[in-house]
Amino acid sequence: MEKFIRIESVSHVFTRGKTQVEALRDINLSIRQGEFVSLIGHSGSGKSTLLNLVAGLTLPTGGVVLCGGREVDGPGPERAVVFQNHALLPWLTCFENVHLAVERVFGSREKKSQLQERTRAALALAGLSHAEHKLPREMTPGMRQAAGIARALATEPKVLLMDEPFSVLDGRTRVHLQDELLRIIATTGTTVVMATHDADEALILSDRIVMLSNGPGATLGRILDVNLERPRDRLALINHSRYLAHRATILRFLLGPQDPTQAKVAPASNLPLEDVNSH
Amino acid sequence: MNKVLSESGRREKADQTFGILTGPTVGFAALLLIWQILALRISGFPGPGPTFDAAAELFSDPFHAGGPGDQGIGWYVLTSLISAVVGVLLAALVGIPAGFAFGRFALLDSICAPVIRILRPVSPLAWLPLGLLVFQAAQFATLWVIVICSVWPISVNTAHGVKGVPLDYLNVARVLRLSEWKVFRSILFPFVLPYLLSGIRLSVGTAWLVVIAVEMFAGESGLGFWLWDQWNKQHVAHVLIGIFVIGVTGFLLDACLLASARRYWHDEA
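Line by line, the protein sequences are chains A and B. All residue numbers for the first sequence refer to my numbering, where the first residue is 1 and numbers rise by one. All residue numbers for the second sequence refer to my numbering, where the first residue is 280 and numbers rise by one.
The shape of chain B in the complex, shown without the other chains (with noise of 0.2 Å):
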């Protein structure tokens, strides 16, 4: 408590100081700084300036549409995109009902998180080859990996939820012989919700991760694809706007989904 009070006391002192944009643009202009002096330093690295005219003219016209190999980045993009977004909402329509599952039978929470804790901490590239092989398809593979990587964190946080219930509120609901659908709806959910959300959260932040990286691999669309795509054509200032445009729309994501979640937050009082 003290720790964190202290921090954003310390934090409050800093933007008074500073003024809330002052720290962020210090930060950026650094970063730039660090790039102009390695493009000044590696040959065929380049710098800010050339990289703000290649983005400026592939941002010209970010949905033009001539046929395949000559698409805008913007359909890259929002191919990922739906990717993840896809392959996460197939990965809670398995990893909530489970994590429900787990939580409130411990028999079945016996048996399965120990297979949960062998599989969770794989790479999620190695279960690229199986989804070949079993869909035959890059694009289905891509969502297999993403539900695979994805379902863990939500099923996980669920059921941690789930194991959290207060017992005075479970109690609550025994002296009054609510039936269990009204027990889940007025009791469980709304405890788990939040839970269950910053689970989401997660798992669409390693989605985010891990479509690039499949499409890179098994791409033939997408903003992975693309970008290696770049690199192969020696498009190096393509690549580092690759590299930027994943990072804004991974920070958009996660702004979004922080903001939803925070409203669903209940104190305890």
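Chain A on its own, in the form it takes in the complex (with noise of 0.2 Å):
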């Protein structure tokens, strides 16, 4: 299948007053179109970066990320971004968070009434009718999200950007908006990636599984190639040998020693003298 994005020996280096920070090194990473892959690592690993190289919301110091044959100079619609703390606009209803954004991409082409529909579809997609005329304020958390999902969806992008889209929210919450992201998504074909820390949430939705280092200067690690069935049952899941292979290799390199020379070097330096001597 054709390679949709691609990320080419992107690195980038964050300038702060005299600092600098290296945050990516040497990034290389393609894929597909329809594909759903999860940037997993810890906070600092720069996956928030690379997530906003994709969007064009940062622009690479070097290397170069391609989005349909063309290069990412700058933030677009079809790069759609779902925010950590959702981003509506809090003096907008739900509907009007979502019809900002539809208003936006299709307010050229099509009639009002047209692009109210759109938005009352997206807002159906995402179990949020009922609230349409709610302000942020008085929705739950999870229909927050979930309306930032919907105003994300609700363009038709060709990407979808999230960044950790469900740590803010309660289990139950969390484990209901993926199954609806899921369900959504097998409907419109979008690409998705996707930033979180939880193997688990990783594991669920993804096609691959994309591990990053630790930063500064993190680079990819391994990439895991999800081979598990859709649709995935949660509880099924549980025993499953695979599923739990994967989420060992998961945990091994969040919770592992990362970089050999640290692996060797970092405990010998912590013991005390007496402790060698002693051997």
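Note that these hints are calculated values from the structure, not bench results. Hints may be right or wrong, so weigh each one.
[Claimed, not checked] Derived BS3-like pairs: lysine-lysine, alpha-carbon spacing no greater than 25 Å straight-line: (1) A:K111 with B:K461; (2) A:K134 with A:K112; (3) A:K18 with B:K442.
Now that you have both chains on their own, put them together as the hints suggest.
Here you go:
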């Protein structure tokens, strides 16, 4: 299948005053159309940065990001973003928040009634029809995040970029919203890139899981192909051997020593001298 | 947070024991008592009784129009109010766009902020001579002073609001590639509005303080002029009434603005 998103030798250095922090180093990654890819790593591993680079909200200091054969030189509605903290405008109702995006993307081509129809459809898809006149503060965290996803999907983006979209939710809401998301993208065929630090979440949702080493200067660790059949049943997966093996791989990567040189040096330097001598 | 909670908790408790009106009643009763004691001790200082009689007479025909020097107190209040409101509106006309510009363009802010920091603490009355020099008329000089002292809180508060717009909201705009105008109308303005309104509230408060003082100096009209005129005529009861009217008017102004500002507060969810 064609490589839809191509991240080629991308590195990124943040400059804050006089200090420079290297967030990402030499990242190469290709994503197929319709694929669901998770970026997993600790906070500070540069997964948000990588997501922002694909979104075009940040431009790489080295290398290039291509989307659909064109260089990403700025943000655009074909690469919709679901923000970690929903980023709904608090003075607009749920409907108005989604409509703002719909109006911008389809306003020049479609009639008012069609735009409203699109907005309603997006809200219905996210299960928010009953809440369309509510302000964000009147909604539960789960509903707000769902509205953020509805706003992103309402513009029919080619790519959906999600920055830890479920991290602020409680367990039950999280599972519900993840299932909704899977159901929606199964019908739309949207390519999804999601940053997360949750191994189970990544395994339930993704086709591939990209593990990022700890920053600064994060690089790609392993890339895991999640060859589990869809739809994935959470309960059935609890004892699924391949699921457990994948999970172990991810946790070993996240919790274990990542850099072989660090792994050897660090424990030795932490040992008290007399311990070393006594052996 | 805890402090606020305990504060409101204490307040609720106080309301339960006393009832909502008990506090103010006790407060004003104490004021009257102190007033009465002072009146008995100081000669020429009218007590509550004579002052209320004078007030009853004064307010029997507040919009009396008998030519210069023979006008009802209502006209004086109205003149001062109009000066304050027009002054603040003119200041808003300058201060709001300036605030947006300072908030959006760091370079402009770095140029203007130091100047504002020097000019802002200047007592408003110090601007009066310049106003008289330039405008040659007390009425315009009064407006000038009000504009000068109102423009700082409006522009500074507006700029503060603009600088505080969450990056996420602006990123939403960037992803959607919203036009500058749409960004202003849908994101910047609604976000800044409460800051702007609190700036206006501050400046109306200042303007009300200032207008009375300026009218005493340069006045040919207004409540400040009237109060000073009554002092010159040794109508001390009227001076006391003037103080009360200024206080009540200022309180009502603030209450109106607070009520309207509340409608536009947005809670972050």
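Taking the hints in turn, this is what the structure says about them:
Using a Cα cut-off of 25 Å, the hinted pair A:K111 and B:K461 holds, with the two alpha carbons roughly 19 Å apart. Pair hint A:K134 plus A:K112 holds up; C-alpha atoms about 21 Å apart against a cutoff of 25 Å. Note on A:K18 and B:K442: the hinted pairing holds, with a Cα-Cα distance of about 23 Å set against a maximum of 25 Å.
Checked against the numbered hints listed earlier, the structure breaks none of them; every hint is satisfied.
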